[in-house]
Amino acid sequence: MRRLDAYRFSQAGPLENDLIDEFAEGGMDRQEFIKRATVLGLSVGVIGSALAALDAPLAFAAPAAAKAGGRLRVGIIPPPTKDVEPYTLADQGGLETAGIAGEFLTRATQTLTLQPELALSWKPNANATVWTFKLRPNVKFQTGEAFGADDVVATYNRLVGPDSGALSAFKGVLSTGGVKAIDNLTVQFTLDAPTASFPYLTSSTTYQAIILPKDYKVGSYTKISPVTGAFRLTSYTPGVGAKYDRNPGWWGGKSPLDGVDATYYSDDAAVISALLGNQIDLVGQVQFATGRALFNNPNVQIFSTRGATHRQVPMRVNLNNPLKDRRVRQAIALTLDRPGIVKTLFNGFADIGNDSPFAPVYPSTNRKVPQRVKNLAKAKALLAAAGYPRGFKITLTTEKVGEIPQLAQIIQRSVKAIGIDMKIVLLTATQYFDGTQDGPPTGYGNTPWLNTPMNITDWGHRSVPNVFLTAAIKSRGVWNAAQYKNPKLDRVIDRFLGAIAASDQRKFAGQIQDTLLRDTPVIFPYFYNYLAAGSKKVKGYKADALGQVYLSRTSLA
Amino acid sequence: MHAPAATLSSSRPEESDPIARFLLKRLGLALATLFLLSVIVFAAAQLLPGDVGRNVLGPFASQQQVDRLNHELGVDRPIVVQYGDWISRFVRGDLGDSLQYKEPVWGLLGPALGNSLKLAAVAFVLLVPLSILGGVVAALRRGRLVDRMITITGLSLTSIPEFVTAIVLILMIGIWLKWLPVTATAPEGANIVTQVKYLLLPSLALVAVLFGYVARITRASVIEAVDADYTRTAYLKGLDGRHVMTRHVLRNSLLPTIAVVATQVGYLIGGLLVIEKLFNYNGIGQRIYVAAQNKDFVMLQDGVLIVGIVYLVATLLADILYSLLNPRIRFGGVE
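Residue numbers (the numbering used here), protein chains in the order written: chain B, 1 to 557; chain Y, 1001 to 1335.
Treat the hints with care, since some could be wrong.
DSS-like mimics (lysine-lysine), calculated; alpha carbons at most 25 angstroms apart, straight line [stated by the list, open to error]: (1) Y:1102 with B:536; (2) Y:1102 with B:214; (3) Y:1102 with B:217; (4) B:243 with Y:1237; (5) B:542 with B:67; (6) B:243 with Y:1197.
Just so you know, these hints were derived from the structure itself, not from any lab.
Sequences are here, hints too, so could you generate the full structure?
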């Protein structure tokens, strides 16, 4: 208690004190307190003191002693679709390849807490517009240079520049010139708007944010391994694989593995047979729909983590068709048997969605908002009230990715029950995302995924729902495929993004959830778990909700 | 044998040497085919859905970024200019850089072509003797149980899609029995024996697909040759059975087999996408497929043209063999 008091008097700001007060008053549970405390940059010691004083002792399990040696053979599916250049990364294979060697300021854990990585601590000002990060000392890049604040500044200036692939995370949050070095081991971010969850944007969930040296030459990532991580990228062959050796100078000590051999796969059957045939030890990503053989095999372990990866089913609200009426959109959403969908498509490895981006895994999600359940009678009544008692014809456009075609068929069958005759147009991902994304006729160009009356799009995990809200829901959101506009909701979203106290976040989240349930511009049927699979000899591996393959503490039995 | 050569030496070359004339004609046709192929593949690449810049930068890049990249890559230039630029570089041996990976195309296609040739070689080594033997045995035992077994087995295997055969082989031989590796790529630095071991399973899948086809052609040709007048004459001349078989029957009956096998070269080099995917093999088929998926024009066009060249070279070699074995060509008769 004394240590906690000392911290509160001498170091803690208003945000940290509010958090501790809220926890003491029972405003959040132990797990959520830890999550939020890590975001605000409270040290492990302070968190432990608070838990000991106000709740129960925090047990920091010592990592099990790992057997050293051996090279782990990992299958990455699909291969990087383009050159592996961190700040422009946009694909799964690329982020996994880059992420095995690269490091971030912070790392998001399986339970959505943040761990220090190249930053040791971080602290906001009173309204979360200025964040100060203390950097880890005595870190060296694998190319020999010492790591410091200038490297962080250069990396983040690239990340907020026009060619960055991370603009979905930083647009409206951080602009050029917003980051500066205070001293060699202190960096200050001045944000465009209050963002209580900013540390998440510096974490491994912003997979482009690998810290690179200040004099990094674009295009050299796979040639010189200019990173600080536990592994050094020693060879890379596009479409074939990559090899990594242990970095003997890693700040985290000696990683158990001697190295990692990554092989790229483009076919689910091939990667599954490779694991079953003992050609690889670990698969970075598996799908239940295509990898059923793995799920009941006694020689295979499944690594599962809950996340916010999901599919959105936007319905255009501004076209001259029945979807313009929110009662019709509600009716369609009410035809879905969500528990059944989750069971069929994921065998339960998913959370049920409630037609807002607030995944059950988020602490900010307001759990008092009622879950939408299948109700055909109500759906028929809504449709009749909207003037379509006999249904209508509509086209659902989507892409051949993962389980999406099956989901499209389920939706087609579901809406048939209320008389809607749905035609499915299935495109390749290339066709689906083809075309322009801004400009005429409605400001979203002509790409199918932002312009078709109704579609299904795949969205990746984020540790906080900010991007889903700003890009897909807000009136001028760049990926607002429903083309939904609600200025009042925009203001609530802004309040949510700037809210620091958990209770405030939940309050605004509840308002957003209620509004989205009422207007239903987008159906969020589920949020599915990220699944990886490995042989039984893989130890200490944890799946990452975004798909990062973090192997620094992994070993082979 | 000397007289015709002496007689024809004073004539024009195309008249003097039927083999040369035959091969020159074939070479000319091959070049014309390559030109046509280059035009077709270039045109087809333009018709592929999607935008190069959008594919490289991903769905979430701004249109401004996409337009800028397209300009940098030169894919916003007139089609004719792009074709001229590509083909002139290709004939000079400059394959350019991959739009997708920003690396020299030859550095990516070269090893893939080498891999495809290795797989094709192992498959050929298994396929040719097996299927010819099967065809000859079936022909010589025409109508008997052995003939029926070979014919029906070959036909059944040919009619099963290659991915089914491959998956069955992977499951049975690779996963259950664990006799052979389920991927085709041997570890780095593996010796030739290990490399062949890794290539056996995909090669068996290919043999299963092609065996019936080649064996049936061989069987039909052998039956035709056995029934031919020259074979009867050979027997009547008092030659022994082995002599007749090797000198007359096989020599004549293998001509169509050679032609058929040669036509499979293109497939075995560039058309093994399914096998390459299932056995995760970095062959040229996969490279071309991925290039097509990502609108990597340069790699796609180069890859198809390289496969075309390999195919035409193989066909030319088959033609040479054919002409050497076929007296009608050798002595200026009908081709």
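TODO: Would you pick out the hints that fail for this structure and give their numbers low to high?
DONE: Numbers 1 and 4, in rising order.
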